[in-house]
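A.B. asks: Protein sequences, first through last, are from chains A and B. All the letters of the first sequence, read from the start, carry residue numbers 1 to 287 under this note's numbering. All the letters of the second sequence, read from the start, carry residue numbers 288 to 584 under this note's numbering.
Source of the hints: derived by calculation from the structure; they are not laboratory data.
Example chain B residues on the side facing chain A (calculated, C-beta under 10 Å, incomplete):
1. His318
2. Pro371
3. Leu372
4. Glu379
5. Ser381
6. Ser386
7. Gly388
8. Ile393
9. Asn395
10. Ile396
11. Ile518
12. Asp553
13. Val556
14. Phe557
15. Leu560
16. Leu564
Computed from a predicted model, the values in this text were never measured in an experiment. Ideal Cβ positions, reconstructed from N, Cα and C, are used throughout, including at glycine.
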Amino acid sequence: MDFPLLNLVLLNCLLALSQFVVLRAGVFSVATAGLAAFGAYTTGLLVLRGMNPILGATLGTAMGGIVAALLSIPLARLRGVFQAIATLAFVMIVYSICLNATPVTGGANGLNAIPRVVNTWILAVVVAVVLYVVYSVNKSAIGRAFETLRQDETVAVSFGIPVANLHRFAFVLSGLVAGLAGSLMALHNYSVVPEEFAFGMMVSTLAAVVVGGRSSVLGPLAGAAFLTLLPEIARPLAENRMVITGVLLMVSIIYLPLGAVDTISLRFRQRRAARHERRLVSPGEAA
Amino acid sequence: MLSQQIFNGLVVGAVYALFALGFTLIFGILHVLNLAHGAVFMVGAFIGLYCVVGLELPFPLALVLAALGAGALSVALDWCAFRPLRKRGAPEFSAIITSMGAGLVIMNIAQRLSGTQVWRYPFETFPIHIVQFLGLRVSLLQLVIIGTMLLGVLLLWWLMFRTSVGRQIRAVAINAHTASLLGCNPEFVHFVVFFVSGALAGVAGVLIGIAFNSVHFLMGEPYMLRAFVVIVLGGLGSVAGAVIAGLLLGVVQTLTFAYLSSAWTDAIVFSLLFITLLVRPTGFFGTLRIERRIARS
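Just chain B, same shape as in the assembly:
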């Protein structure tokens, strides 16, 4: 029973990690808190749903299209909301405000288009296949979720540490001005980062949509708040930290859900965030290099 709960928690955590990866990427590189990330995730879920229900495409293709669509939205968000501020060299407070505003606008449009309803996938979209494995009940969908997360992390790692683009991204993260002197184009880096982070959010959105079989315009908010917990626990802009903290959060949440009470899950999860900020504001897995930006000396 306990091992089953832990496994279920890891599956939930895999989605948190997928979602938080994009969030932490933007945060670590642009030092900007993108509060519209939850809205991008929600739009990804709707694109996936529309591809399956409206266009009757197969599920894997819907997943890819949702990733592309959410990535494009994320890039558009960068152009409308963040680029004007970057040009002016505005303080980070401004970016919180614009992304909050952009998130509200996207959510309201989605509310209009979806008619404030909860949308569902048709029953046979994803084959229900249950495997017994070491005494665990594992569904095909759970395997796909974990597999997608691993694939996402591997691709991201490859992009960041094995390609020229990744070197440019890391250079811009350290210092955008110096990087541009050395021949990196910061605008291109921002384009890539926003696209990748949006695509990750879109994939997470589709997976969550099909796992709980419910897609609605407010679905991004709880994940947004979870992502805060993940990036704080995992450390600013740390990819490995986001993955570990995401999985951990999934397990903690599932266990409190199973053994305590569902009502207190939120309070416990956010208290975890608060305690982390109190005890170790740099996170448990992050590098200490950028500590100056987080904690007051």
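For reference, chain A alone in the conformation it holds in the complex:
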């Protein structure tokens, strides 16, 4: 039992979750694509040398986390737009290394003939576990600290929230998820090529989170599913994929700045609050 399209959706969900974690904590990082490349190449190289795929994927995931931890050191000194520039440069450096370090990475041809061991069920279980972890983090005290941090860093500091530590935590978590996604991609696609982890992945991952929503975990899931399935459902649109992503990015950030899922949940919450208020007020009016 294997559903290629569903596999694609699930892999994109993982990448979107990795992007979601950092944005949630108010870090402007777009490093997910570069971190996923580390995971994919680590796993690919190890498995090609005969390592057990499970161990390979574990090490690939760890690699994502380690690189993220190292990257968080310079990133902690920056803020806002400069974090975006630095992580964009990181993605470009990783891409350039993958493309040019031919003896190790196979250059433009990438790594090939990686055994395929991942199927839909494995992916579904992995996504469910990651979702649970991210959801728990989001619901815990750390998640509330993230929310404060994202809205106003000065307020967060005045509440005694350890800003640098939380940013590092979010970044490493994001790196682990990205490394995992990359490892699974390597074990799913038979090959790892540099193009996969370049600008295109960065934009589509970011788009999934922006379109879906940035505060509930369902946002990135809905966004990734929507953006992956849209060109498949409407075939004529597939050729203009980039235009659609571009227009969706613009329209959603201008008209739905919270993202689809968060806007809907906000509406529901407002309506429930209004109903509640009416119930409280009406007896008084009757009297």
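Based on the hints, put chain B in the right spot on chain A.
C.D. replies: Relative to chain A, chain B alone:
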């Protein structure tokens, strides 16, 4: 040989500077990272090419029309992508996203119109004239590129520091709200800034198009990334910094290209960016006034 490489590097750097000037202008004044700037540059290159090939206009006129066209596109970009966000007072993250989206749309339209092909200028568009000067081989085109860059910088300096518009621009850069209380119209300032920055990008696009004789829809991307390096090295919104850093980057890149390997140029250039951010996030030439916005205290 070395001096020839350095000169070639300065020519490449002049184009980087021209491109990065517009980028740093928008960044310094609106505090917005305009990721569609590379697309504007590419459209400028295509307008120039169309004027020469399709309309058979002389090259200098094509350069002017490309500047006007790219400037107009840049203003349109401001209206569609940035103005709605400004009205709402959206965080800077939103502007990165819309400009990224707008860039994708423009590039895709250009891809469609150009048929995903690399377009070239006819052979005789620009006279090939080589002058020997102090042992350097200098072509007329290289002189034109350096001349255009100097002219661009002078005009920009004049606009910013010697006119009323420039005073308004600088006032809005410091604080848009206070500036509007004092009678500046921020919308007008944004119009001017986007037009000037688009026009600079358009000129850079035409010059690059003719220097490498290749125009295609993805040509903006590498320059966009170089512009990041330039603004980080030169400092946020600093015009002089952009020029010096642009020239420096051109020289560094040409030297690594000549003496190391072409494959590692990108990795070296971006590592330069990373090291700068690590060591001195405010850039080497920037003012420290706005440091708070860049580095965490």
